[in-house]
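Produce the entire structure from the sequences given, and follow the hints as far as they go.
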Amino acid sequence: MGLSLDASIALVAIAPFVAALLAPFIHSLAGRYSAWILALVPAGIFMLLIRLGETVIGGGTLTAAIDWVPAYGLTLGFFVDGLSLVFALTIAGVGTLILLYAGAYLRGHPHLGRFYAYILAFMGAMLGLVLADSMLALFLFWEATSVTSFLLIGFDHSRQAARRAAIQALVITNIGGMALLVGVILLQHVGGTWLLSELRDMGEVARGSGLYGVLLALFLLAAFTKSAQFPFHFWLPNAMEAPTPVSAFLHSATMVQAGVYLLLRMTPVLGGTPVWTGLLLGFGGVTLIWGALAALRETDLKQMLAQTTIGSLGLLVVLIGLATEAAIAGAVLYFIAHACYKAGLFMVAGAVDHGAGTREINALGGLADKMPVTFIGAALAVLSMLGLPLTLGYFAKEEMYLAVTGGDFGMLAVLLVLVIGNALLAGVGLIVMIRPFLGDVVETPKAVHEAPIAMLAGPILLGGVGVVLGLLPDWLGHDVLAQAGSAILGQGIESHLSLALDITSPLLWLSAITWLAAILVFQKGHVIRAVLRRFNAVLPSADRMFDLVMFGLIRFAAAVTRALHHGRLEYYLALLFMCLTLALFLPMLMLGGFDWMVPTADLGDWSKRLVLPALELHEWGVVLLAVLGLLAVLIAQSRLVAILSLGIQGTALALIFLLFGAPDLAFTQLMVEILSVVILTIVMTNLKLDARDHRPFEDWARDGTIAVVCGAGLSLLLMLVLSGTLDDRLAEFFTRTSVPIAHGANIVNVILVDYRGFDTLGEISVVIGAGIAILALLRRRKPGSEAR
Amino acid sequence: MNTLLFRTAAPLIVATMLVFSVYICLRGHNEPGGGFIGGLIAASAIAVYGMAAGVPAVRRALKLDPMAIAGAGVLLAGVSGLLSLFIEAPFLTSIWLYLDLGETVVPLSTPLFFDIGVYLTVFGTLSAVALALESDSEEDL
Chain A
21 MGLSLDASIA LVAIAPFVAA LLAPFIHSLA GRYSAWILAL VPAGIFMLLI
71 RLGETVIGGG TLTAAIDWVP AYGLTLGFFV DGLSLVFALT IAGVGTLILL
121 YAGAYLRGHP HLGRFYAYIL AFMGAMLGLV LADSMLALFL FWEATSVTSF
171 LLIGFDHSRQ AARRAAIQAL VITNIGGMAL LVGVILLQHV GGTWLLSELR
221 DMGEVARGSG LYGVLLALFL LAAFTKSAQF PFHFWLPNAM EAPTPVSAFL
271 HSATMVQAGV YLLLRMTPVL GGTPVWTGLL LGFGGVTLIW GALAALRETD
321 LKQMLAQTTI GSLGLLVVLI GLATEAAIAG AVLYFIAHAC YKAGLFMVAG
371 AVDHGAGTRE INALGGLADK MPVTFIGAAL AVLSMLGLPL TLGYFAKEEM
421 YLAVTGGDFG MLAVLLVLVI GNALLAGVGL IVMIRPFLGD VVETPKAVHE
471 APIAMLAGPI LLGGVGVVLG LLPDWLGHDV LAQAGSAILG QGIESHLSLA
521 LDITSPLLWL SAITWLAAIL VFQKGHVIRA VLRRFNAVLP SADRMFDLVM
571 FGLIRFAAAV TRALHHGRLE YYLALLFMCL TLALFLPMLM LGGFDWMVPT
621 ADLGDWSKRL VLPALELHEW GVVLLAVLGL LAVLIAQSRL VAILSLGIQG
671 TALALIFLLF GAPDLAFTQL MVEILSVVIL TIVMTNLKLD ARDHRPFEDW
721 ARDGTIAVVC GAGLSLLLML VLSGTLDDRL AEFFTRTSVP IAHGANIVNV
771 ILVDYRGFDT LGEISVVIGA GIAILALLRR RKPGSEAR
Chain B
3 MNTLLFRTAA PLIVATMLVF SVYICLRGHN EPGGGFIGGL IAASAIAVYG
53 MAAGVPAVRR ALKLDPMAIA GAGVLLAGVS GLLSLFIEAP FLTSIWLYLD
103 LGETVVPLST PLFFDIGVYL TVFGTLSAVA LALESDSEED L
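Chain order of the listed sequences is A and B.
Using our numbering, you'd call the opening residue of the first sequence number 21 and step up by one each time.
Using our numbering, you'd call the opening residue of the second sequence number 3 and step up by one each time.
Bear in mind the hints are in silico, worked out from the structure with no lab data behind them.
This list has only true hints and no planted wrong ones.
Which chain A residues face chain B? A few, computed with CB under 8 Å, are given here:
{"no.": "1", "residue": "Asn706"}
{"no.": "2", "residue": "Ser785"}
{"no.": "3", "residue": "Ile788"}
Covered, in the sense of this in silico footprint (three residues per stretch, anywhere, with C-beta under 8 Å from a C-beta of chain A), are these stretches of chain B:
{"no.": "4", "segment": "75-86"}
{"no.": "5", "segment": "99-113"}
{"no.": "6", "segment": "125-132"}
The structure presented is a predicted model; accordingly, all values stated were derived computationally and were not measured.
Every residue, glycine too, gets a C-beta built ideally from N, C-alpha and C.
Structural data, given as structure tokens:
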């Protein structure tokens, strides 16, 4: 492999997107083999990451940066340390198996090529997220995961439930996305850098800053919405509308873990304070118990797994909140163990659905005979979920119990929550493993058959990983925990993982209590379910609240639209000119434009200050013409006369421009006047208005007031502008350079087409846009005019 | 409006205005004028002709849809700005070319084409609006 390290990192982040673009074509060429071909991409990424891992274990972090907007000092930076490597390896590894699984699960689906594209793009976004160095890149990938997961959850877009779930997930996670954007900008403001690799060592600055509370709130909101923490948990079970491979990927190793990643990443920056610990323990603890209980309430395999995912996410948040060495070790191990067994179990659920035609545990039983391999996969996963010795889940559980024993009374409460949560989750695991597979054979909608090999590879391999890693405590301790720990806590975590079972250790007894409680939960599963369902019926559901809020939002938008878009031209105009008046007067008031009106000591005699301007006779003539035109507008009885009189006034204005040396302006003003008169006349005749303008006194007074105030404001503004000293550097520049560098003597035109050509390009685009809008309006009016 | 006098004089007025508008547009870089004002004059001419001869006649005479002319104008202005990319200068940098035709030197430049683009845009858009307003029947739209 001759690739440089930089190129490898960039390749990891970019390759999935390229593959996503090509996926539909590869699928139409390779047909049923396309999944195997496309799975090479994440598999290759996995191998590349392993190679990068050698460097990371050697004690280094790798960075690669591509200049993005150099003018603002923005780079699209990537870096690899222990933490990002753990996440990236999990994503790529699980992703490989998911692709294979999806190929078999969705075989023959008309949009399979599109599905590959979505899921590869999602994987790329996830990998970019965990590898990003610049916080802006992190945010970008964060939003990319929201968008691609929206596409994946709503993949079955012909079903209303799928569309609703997709929109719900998008709305909830985007609330967090907005918070994250503000958060990273504030953090850059505080820390002075966009780079996570630099912020990592600047925790004191962020924690000591006055903005710490705001920062914490924003980042926690982002992480909690993404990771489905209570009270934002409800989008996750709904997202089960997605095809099973999507659920297996999104809700085990990716999407929802993005929030966990963010929290881990922010631990050295924002973590460790009492507020941090309190909030994370509180929300995480509630989420853990809530999710575990909700799982027991369900009877659909996928729904049960989804709810346990919520519980597991709560558990991870609790561990991150503790932020001690053992807690972080527990979190990292639990993340890996959970990704393996949860992805495996989701795939098992899909295989059961595929093989037996239902996912209802009450309608399933005794599948183990017909689906032995699937059963082995499920059993391997649940062993790790239970945390039996010799599995990865065991070490995760040991570490988390170690983190909370030996503390004060508060820690005891946390310990209690953890034990109860673990026991409930393990109980669900037992139900998922035993109910469908063992016991009496139940008649199922489909004749039961074993799943194809591509669908079995995932559960077996992932279950195997959960066990094999449990056999390698030394490797886990040194190569995984030490590296991830140094990335999160700034110091390596001492490994004390051991295969030996110490009977005297309280940890083992806690584990034993957990297992016993889990068996109890399994035994009494149906009783607990009945009780929970009764409770659930009276509890307000966050899901319904979401609907109410969304419905309210739409109603509100409709009300605002009706209020602003009422279709009465006269009110539109009145509103426009009132806004113009405000825009004129507010700045003048605030910038002290009326100070000259305040009487001062040397006021003197007003009559001496009011002197007639020295104008030539013809200039007086033009002014008189303008005034006459204006008066004629006011006293005109018919609309046509008023329009023409307005034209007279405008023409007089054009003459004034001409007299004072602005021939271009005069020209334009004249043509604009002519066209306005013509167009206004035509519009008036087309609208079939009354030839005379009758309005009631109130209208007359209202319009008159607005007109006078608006005119006064404009005049005042002009006078203020002219009374100051004009900065003529720009004018001087244009006069001096117009001929030498722009080859034109008419400065106005040179400015329009050369110096400020870009502005003009924008303006003519506006002209044509307005023209199209006018034509569209006229076209709409014509057919309907007779109907009215 | 449709007096005999007006209908007879209109073609003459319109022709003069159109020629004048081109003249105004082309001389704009050194003397009063330019694409915007030229376009306004030409659009006024079209409006006048529409009143005198009726909208269908104007549309026949124009051959092209006025909005298409406007679109071509924006395109021309944009493309004239893109030309500077060939000399690795920023967008809209002016390029000047002096064509020596023996007796006289004709200065060609990208701002000239830009200005013609402005002319076409203003002319096309305002003509389209004016004609749409002047037309009585639906099929003219």
